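A.B. asks: Residue-level listing of the chains:
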Amino acid sequence: MTYTELALSMTIIAILFDLFVTRSRMVTRKSFWNAYAIMLFFQLITNWWLTSRGILTYDEDVIIGSRIAAAPIEDLFFGFAMITMTISLWIYWGKKGVQRN
Amino acid sequence: MLAFTVMGSFWLEVIFKVGVLRRIKRVLLSIIPVAIIFLAWDYYAVHSGHWTFDKSQVVGIYGPSGIPLEEFLFFFIVPLAGLMTIEAVRAVKKHWTFGDEK
Numbered sequence: 002m003t004y005t006e007l008a009l010s011m012t013i014i015a016i017l018f019d020l021f022v023t024r025s026r027m028v029t030r031k032s033f034w035n036a037y038a039i040m041l042f043f044q045l046i047t048n049w050w051l052t053s054r055g056i057l058t059y060d061e062d063v064i065i066g067s068r069i070a071a072a073p074i075e076d077l078f079f080g081f082a083m084i085t086m087t088i089s090l091w092i093y094w095g096k097k098g099v100q101r102n
Numbered sequence: 182m183l184a185f186t187v188m189g190s191f192w193l194e195v196i197f198k199v200g201v202l203r204r205i206k207r208v209l210l211s212i213i214p215v216a217i218i219f220l221a222w223d224y225y226a227v228h229s230g231h232w233t234f235d236k237s238q239v240v241g242i243y244g245p246s247g248i249p250l251e252e253f254l255f256f257f258i259v260p261l262a263g264l265m266t267i268e269a270v271r272a273v274k275k276h277w278t279f280g281d282e283k
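Read top to bottom, the protein sequences are chains A and B.
Each residue of the first sequence is one higher than the one before, counting from 2 in our numbering.
Each residue of the second sequence is one higher than the one before, counting from 182 in our numbering.
Only chain A is shown next, with the shape it has when bound in the complex (with noise of 0.2 Å):
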């Protein structure tokens, strides 16, 4: 599979993930979008550190090629999904009573 591909398959999952098996449902939520809009804003930072000076390089044949900060915009997938289910599973614990405070 290609990262196009894997990142859009994971990102489907991340969200289905969140709806369906920890069911904390972030993906509606304001505050989950809020949190993300934050994160995506240092990613963006972080994704053009990484990528313009080469300590990551991409296979340009696996990507569709859109870049923004110059890095793949699959990155911009890749990290949302691994975002999503990292909170959807931390709201899940909580609402379990797993150290709630």
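Here are some, though not all, of the chain A residues that point toward chain B, as calculated from beta-carbon distances under 8 Å:
#, residue
1, Tyr-4
2, Arg-26
3, Arg-30
4, Ser-32
5, Phe-33
6, Ala-36
7, Ile-39
8, Met-40
9, Trp-50
10, Gly-55
11, Leu-57
12, Met-86
13, Ile-88
14, Trp-94
15, Gly-95
16, Gln-100
It is worth saying that the hints were derived from the structure and are not from the lab.
Note that the structure is predicted; figures quoted are calculated from it, not measured.
Note that beta-carbon positions come from the ideal geometry of N, C-alpha and C, so glycine has one too.
Mind docking chain B on chain A? Use the hints.
C.D. replies: Positioned in the frame of chain A, the structure of chain B alone reads:
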């Protein structure tokens, strides 16, 4: 980049008292399952050549499958910063719902 992420997020622990680090069990239960999935993705991507790390710009310690130490840390540091961010939003916007309210 990891230092920048730590600097950009850990002050939330002090200023907003988000108490994420204090809840380490909940942190690990949230980060580890996701990290395993994303490390599997990373493993596949590195082996397929989707992305490559510049050997001269990493510390030089490699884990199994040739993934640099920094990349392993990435899958813990970045989600941790994410948890601090959502808890900081909660600290500022107390009337918003997050889904784990009593």
